[in-house]
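Taken in order, these protein sequences are the chains called A, B and C. For the first sequence, the numbering used here assigns the number 835 to the initial residue and increments by one for each residue that follows. For the second sequence, the numbering used here assigns the number 6 to the initial residue and increments by one for each residue that follows. For the third sequence, the numbering used here assigns the number 680 to the initial residue and increments by one for each residue that follows.
Don't read these hints as lab results, they were simulated from the structure. Errors might be hidden in some of the hints.
Stated by the list, open to error - Residues on chain C that point at chain B, a partial pick, calculated with CB under 10 Å:
1. 795
2. 800
3. 815
4. 927
5. 987
Note that the Cβ used here is the ideal one computed from N, Cα and C, for glycine as well.
Each chain is listed here by its residues.
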Amino acid sequence: MRFLKTLILASAFAASAGTSTLAAGIDDPTRAPYYDAFKGKTVAYVPVAMGFDLTEGWADGLRSTLEPLGIKFEIRDPNWSTSVGAQAITSLITEKPDVLVVHNPDVQSYARLLKKAEAAGIYVVQVNMRSSYSTDAFIGADYVTMGGQIAQRLIDQCSPDNGGSGKIAVIQGVLTAAASAYQMKGILDVLESHPEMNLVSNQAADWDATKAKNIAATVLQQHPDICGFAGFWDVMDIGTSAAIKESGKDVYLISQGGGEQTACDGLTKGTYSELVVYNVPGQARDMANVIKQLLQNGNAPGSTKTTLFTPLDFLTKENMKPGDCWSLPSNG
Amino acid sequence: MSISNIIIRWRYRFIPDHLVGEILSKNWIDNVIPMLFLMAVIGVFGAAIPDFFSAGNIANLMRQWGEFSLVVLALTIVIVAGGIDLSVGSTFALGNIVALALLNVAEWSMPAVVVATLAIGATVGLVNGYLVGYLRLRAFLTTLVTLIIVRAIVDMLLLEYSIQIASGFIDSDAWYFLGEGYIFSMPFSVVVTVILALILHLVLSRTRAGWHILAIGGSRRSAHNIGIPVRRVICSTYIISGTLAALAGLLFASRLGGAGADTGIGLEITALTAAVIGGNSLGGGRGSAAKAIIGSITVVLMVNSLVRLGITSGANSLLLGFVLLLAVAIDIRWVKNRLKVLSNVYVSPTLAELPPAPATVAPSPYAVNDRLGTVEQIGLDEIDGPEDVILDDNDNIYAGDRTGNIIKFFAPDYKQREVYAHIGGRPLGMAFASDGSLVCCIGGMGLYRITAERKVEKLTDETKRSLFSVIDDSRLRLADDLDIAPDGRIFFSEATVRYEMHEWAVDCIESRGNGRIICFDPNTGETSTVLKNLVFPNGICMAHDGQSFLFAETWACRISRYYFDGPKAGTVEAVIPDLPGFPDNINRASDGTYWLAIIGVRTPTLDLALKMPGFRKRMARRIAPDEWLFPNINTGCIVRFDDQGTIIETLWDLGGKNHPMITSMREHKGHLYIGGIFSNRIGKLKLDGFDPHWTGQKSYWGRK
Amino acid sequence: MNLRLSQEQIVFGLAVMLCIGFAIALDGFLTTHNILNLVRSVSILGILGVAMGLVVIGRGIDLSLVAVMAISVAWSLQLAASGMPLLYALALGFLFSLVVGLINGFLIAYVEIPPIFATLAMGTLVYGFGRYFLFNLDVLYVPDDAEYMIWFGQGVLFGIPVPIFLFAAVCFGAYIFLRYTRYGRYLRAVGDNQLAARITGIPARPIVVMQYMLSSQIGFIAGIITAASVLSMNTRIANSTFIYDVILVVVLGGIGLSGGRGGIRNVIVGTLLIGILLNGMTIMDIQYTVQNVIKGVILLSAIVIDTILNPRDEQTAQQGDI
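Given the sequences, and given the hints that come with them, work out the whole structure.
And the structure:
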């Protein structure tokens, strides 16, 4: 009865407002609370730095989903400085946004701050690189598994059983970054059970293409029969690829990244042999969904812990489809 | 009077031009540009960020500032000594990781961790200090290499321990207090920093060690040559720097508890920026704790606010870089031009309208004559510049000279002389006190007394600082002449508070009331200012009534009378408002009148110039001091006048050969003894018709 | 016979010793391929070293070098990506680097800001300017159709990689400039004693401006080679410690920071030592962090040996020389 009454009232109201004629639809009862849950809310986003595909992609995805709902979306850009990032989070704790999205530079630096933020009543969502403190949600790749899978792919390609030399090399980013450390563990775990594989070089190139090129060139020089490289970031591995190209050898290069169009182009051009892609727009969507869920449920921050591992795509020139990569809307 | 004249008069009366120069000559003015810059930063970001001034925001900022400021202080010490320490960022990171590793992995107790961390910082500093101080390596290069090495060590430690640190749990309230605790509602790091900054300030400005550091920064070679242990001092600056950087790392560790890979990367650049923005000169010699503090606040506010504004990283760097350049450019120009500007604006002439000069031809009482032509010369070429002369009961002459002595010429023929007392400063006016001690104004030193036993004692060299003075006018710069009241109080003039003694003529270019008359009371030992804003007050003489004294204002060419006792106490009345020249000392004459020395005669050009302050200002700015218009002091005279200001007689040296340069004269037993500040003799003139037994001593103290 | 060795000789000796050591201990160190690779890998560092060397000989320092290199080339790439013909884009980038050099020189010569600080701030400013006004991303890619540009970075001529030729050409050019042209001599004179140079009628301030414009230009060339060899330009190196490596190459080779001393040969020697070290350690698969420690210790010992053999005198040291 009550529902009917509301309905009558609502349609009468609509009619009197003169907006529509008699097309009296039924209003979805969850709509109002849904939109109310977001009214005047603020989401703050602290990446490691803006200005590269991952963080720009997340920011873009979050903004396009959240802003139409009336959520204020703020970016604090520490520009690769952990201490500035820590400052930003510290100030945010006093400013009290409703949700904090954090991209950790390493596993510990922000851990205590994130705990404090939750204690201050802020939902904390971590993306891609997690901290040692688990917060309301983590969205990102499962790096240990990923490392294992990459090692497996290299074994498939390079194992002497499959006609390779068994020699492989790894070019990491920064040794202490979560992505590097977890992945390395995954790789080493798998390689342990494959004594026929020989990890001839394992160096860090600081996410820098020039350094990667120099390391790769030397490794290629020393091990002319090397079969595979695993690089930890597609942007850096352009350097590795250039070194391989200059040596004129056929070496398998497996790289990884957020799947931005440039990387896929690289796949087409043969810069990389294979790419492991965690879909950035997908991660952004997952984050947005988790945020919406947190805001609607209204549980106390820190009371629930959700982990969403991003599905990984192993792309090669052969299996790549046009929709596998994405572009930043305002590239340039 | 025309309107424009009135305007000019009011303009010079109410616009205090001279304050500009006085402010510029202060030491603290060096911090003004950085300080203004800080204000601008606060203003801009305060307006742009809504809750900028909220307690929460300020508390956050302060804690970060505390750590950062320690690093800036560390760098400042080294920079002041003429070096640079680029390794502070790495040492900071080392302090951070070592503290965390010792706590989490080795599980040491908190105090042990603190000591060990500081010791490690000091060790890094010692390496730097040994290399730079003792081996004389280049600071920039050496610390650049230690930066790389220490950073690599940090990276190795990180690889080894970061996982264990991440999983460790520290159960120590004392440890968390370092990073999160408060003392008197101030974050711990801020308290530590403020205390250390104060210590550094005191050390640099008040101690021998600090002076050594500044001297080495100013000129390492000279410091070495005068025997400062250059190497040891330099080495210790690096040790301090390393220790402070490690301390900052320790606090950082306690606050965040994380061993990030990029901890402290680029910190040396930010800290250097802060130090330089604060006004510390790269290359040494100029710097202070205050500058480090101002600079660090500015940088912390800027970096933090730019991030908070949420603008993209590009704009952040753009703005930071631009602001840095601007701040340093302004500071450089400032340092370079401050003294130039100061020398341009310090001399600030004001309007001085002298009454028309009376004629010096008959029938004027000032009419020129040659009565000084017969002056006898005492001690010709044996005394250099007797500003004042005085005689004791036994007719001996005392006169100051340019080398800081008081010379005594023995009666009766004054052929024999001795150094009665050596003071060091320039003796000017003198008077005998009732107990026979000689009280003397010493230019640049103050008021002194030479007791009958020839012991030199300081009576006073300071007075109370006036309320709104910019330059410190508590010290006596140019005590000039004095006289002693019957109750023993000593009244003396200080000619100017803005110039040193040798710049007396510049004060004439200004012709402002820069001088004052001060009273020293030997009974209470207190010094107080009696009259202010006098135009170069010079001679002082107790009037015969015992309730007032006469005083001369040199550049105002007038004699006035001040009552310190009696019914008119506290009032000043004019005695002679329009002298033809610049009056100097006044002394009693035996017949109840007064002698007045006129040091030089006014000239129409200078009189005109005094009416044109703008002209004198341009003169002071544009041409060399040697070319300035100066008052004439080559030809003067002696004037006798009475209590009403009537001129009774005038004594000139027409030929200018015998005694033209006159700053003082004393009547003694029928003779007049004449002194001149640029003279090489003392003159003695027989006076006809004056009491041949009268002496100053008798007149003042009634003895004999 | 004078047994006093200059720093250059010490460093050269060290390099030769390391070279011999590696040749004995490491298989495949002393092969043509590896040596070419070694030189190629440090040729960009060497070119930047030449740029920095010129400035240091002129008693300055250019901390904005890497930022200028990264941003000017990145802007060129951005322009090319948005459709401008590559040549025009590169010309504009070159112009940009010149303007930055001009501003640096102006700030140092006329505003009299200490070079360390002026160029430090300029580096930050240029990076920010680029990121804010010129492009949004950290990494810019070389367009596919830029074959001749890529050739600069990846091409091979007579079996030798092109960057090595470019390194040699830059060294040769700078050598001729310093040794045989009037302005090169002026540069050295100004670096040795600016006041004296001024008194003798050398236009000291314009020379200072020139030296920073030169270093920016050479930086741009190094940037082109960097971008071409890895097909992209990562602007983040503007904020990295790469600039420190460049300074080390210069000073290690024996160019005194107090100006007026040294030449291009010193840069080459310094570059070689760094190249041999890095190459040998990479062959040995020494961890990156450990490499840094070893590099640092060897650098430090080179400086210490130099100081012990050629001690600085309290009486003749220049004031304000850090």
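Results for each hint:
{"no.": "1", "hint": "795", "in the structure": "6 Å, holds"}
{"no.": "2", "hint": "800", "in the structure": "4 Å, holds"}
{"no.": "3", "hint": "815", "in the structure": "8 Å, holds"}
{"no.": "4", "hint": "927", "in the structure": "7 Å, holds"}
{"no.": "5", "hint": "987", "in the structure": "7 Å, holds"}
Of the hints listed earlier, there is not a single one the structure fails to meet.
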